[in-house]
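Undergrad: Sequence:
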Amino acid sequence: MKVSKKLLFSNNEKEILQLVPDYSVPRYTSYPTAPNFHDKINNDTYESWLKKLDKNKKISLYIHIPFCSSLCYFCGCHTSVVNKYKAIENYVSLLLREIEILGEKLESKFNVSHIHFGGGTPSILKGAELWLIMQSIKKRFNILKDCKIAMEIDPRFFKQNLTIILNDCGFDRISIGVQDFSQNVQTLINRKQSFEITNETVKHLRENNISNINIDLIYGLPKQTVQTFADTLEKISILRPERISAFGYAYVPWMKKQQRLIKDKPLNNEDRLKFYRLASNYFLSNGYKAFGIDHYAEKSSSIIQNLKNRKLQRNFQGYTEDDAEVLIGIGASSISSLPDGYVQNIAKIADYIKTLKKNKLPISRGYRLKTEDKMYSIVIKELMCYLNVDLKQVSKKFSKDINLFSTNIKKLKPFIDTGYLDFQNFTLSIKPEARPLVRIICSVFDQYFEPKTNRYSFGI
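Residue numbers (the numbering used here): 15 to 474.
Bear in mind the hints are in silico, worked out from the structure with no lab data behind them.
Any given hint might turn out to be false.
[To be verified] Subject to a maximum C-alpha distance of 27 Å in a straight line, what follows is the list of computed DSSO-like cross-link-like pairs (lysine-lysine): (1) Lys54 <-> Lys66; (2) Lys288 <-> Lys427; (3) Lys153 <-> Lys71; (4) Lys72 <-> Lys153.
[Unchecked claim] Computed beta-carbon distance windows for the label pairs: (5) Thr201 <-> Asp404: 47 to 53 Å; (6) Asp404 <-> Lys371: 22 to 28 Å; (7) Asp431 <-> Glu386: 23 to 29 Å; (8) Glu103 <-> Asn373: 17 to 23 Å; (9) Thr239 <-> Ala101: 36 to 42 Å.
All residues carry an ideal CB built from backbone N, CA and C; glycine is no exception.
Please take these sequences and the hints and turn them into a complete structure.
TA: Below is the structure:
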């Protein structure tokens, strides 16, 4: 694809770059963010929170499968490579035990509106294990008829006979990681995945009544060029997924050692902004609508309708239509979100298994929410989802003085002065062309944020 200047630039890129700090900022899939979790939140805390849940309200489930067939060097997820399927079978047997214990602690069969299988590579499961997990969930929870069930898959290792179980269990959404189709980039990040195998997988899923397909891309990877990334975007348009995410490469080698295997340096903010703009302009000119900070969907998509109705959510899976107040994480390293706070399971698989063998929920750390945390959480979520927030409404909801936000507003002056952020009658509205700045603006409302260069990912 020939890349036109219209796709690459807006007139104000230099102004935007001047507003990007030299420190990293969180992705705000929760507030407070995971680095603020601590080990004073334990098994007993979690059980007491579970007992307080309203039995009449629906919940969502997240199932973490922490295994892959090969290691992608760019990856920041909790996962490990396995060569023998027996390790997966052993893990699943303890996962089933966790579901059983949860069912006992909840003391009621809660209605489930969303189930998401993430990882790792959940499609590494064979049909038998996936079936066992779903049957265990059905035994302990009431899966609603309109429950949305999703799975992340890797086309390189996807066995098409798994589709039979996906259909039988009611899966209706599949998320496919692509990242980039450039062979140079794929070699560098150790993920060789052809367009042909991806296209074949997409066609197979659609032929088997799974048409809600997400595709994930990453910009900012070493060796990406404008031309090769444009070629990737063109191939994505051929696949025509319902939704697309175009994430910035989360470069955190101090947390994920495999990223050190990529010898080339990641792209700087100027180049990252160029690739962000290229993806955004390309998808918008090809019939997609932007939502959140880095996602796109077909205009007829249900998530776009929910965007209009202000019914979007942002959680540990990114942007979702899930309106349940409770998300229960199951599996090693998974995070649960409850009205009282967050809890995270033990990440190390051996310790996760050891704890479950003692018939205890495998909690490692968490965070108890304070009233002000809940208030700032709404501010950040509204900005991340809708690019605007009415601070008067938020302060009224929590019976707080609106002047509580005065310090935050002062810090936003550079964004307001340049016109990228509108501030009228205590309502903040971020201009669409300033989407790359949203996380940076949100960090102003983060009461625990400390500007550091090596704690989070790039600002853009």
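Undergrad: Taking the hints in turn, state whether each one holds.
TA: Here is what the structure says about each hint:
Taking the CA atoms of Lys54 and Lys66, the gap is about 19 Å. The hint holds against a cut of 27 Å. Proximity of Lys288 to Lys427 is assessed by CA-CA distance (about 25 Å); at most 27 Å being required, the pair is judged to hold. Taking the CA atoms of Lys153 and Lys71, the gap is about 18 Å. The hint holds against a cut of 27 Å. Taking the CA atoms of Lys72 and Lys153, the gap is near 16 Å; set against the 27 Å cutoff, the hint holds.
The hinted range of 47 to 53 Å is satisfied by Thr201 and Asp404, whose Cβ atoms lie roughly 49 Å apart. Separation of Asp404 from Lys371 is about 50 Å and departs from the stated range, judged on CB atoms against 22 to 28 Å. Checked against the hint of 23 to 29 Å, the pair Asp431 and Glu386 passes, with Cβ atoms roughly 28 Å apart. As the Cβ distance of Glu103 to Asn373 is approximately 20 Å, the hint placing it in 17 to 23 Å holds.
For Thr239 and Ala101, the Cβ-Cβ distance of about 39 Å falls inside the hinted range of 36 to 42 Å, so the restraint holds.
Consistency note: the structure conflicts with earlier hint 6 alone.
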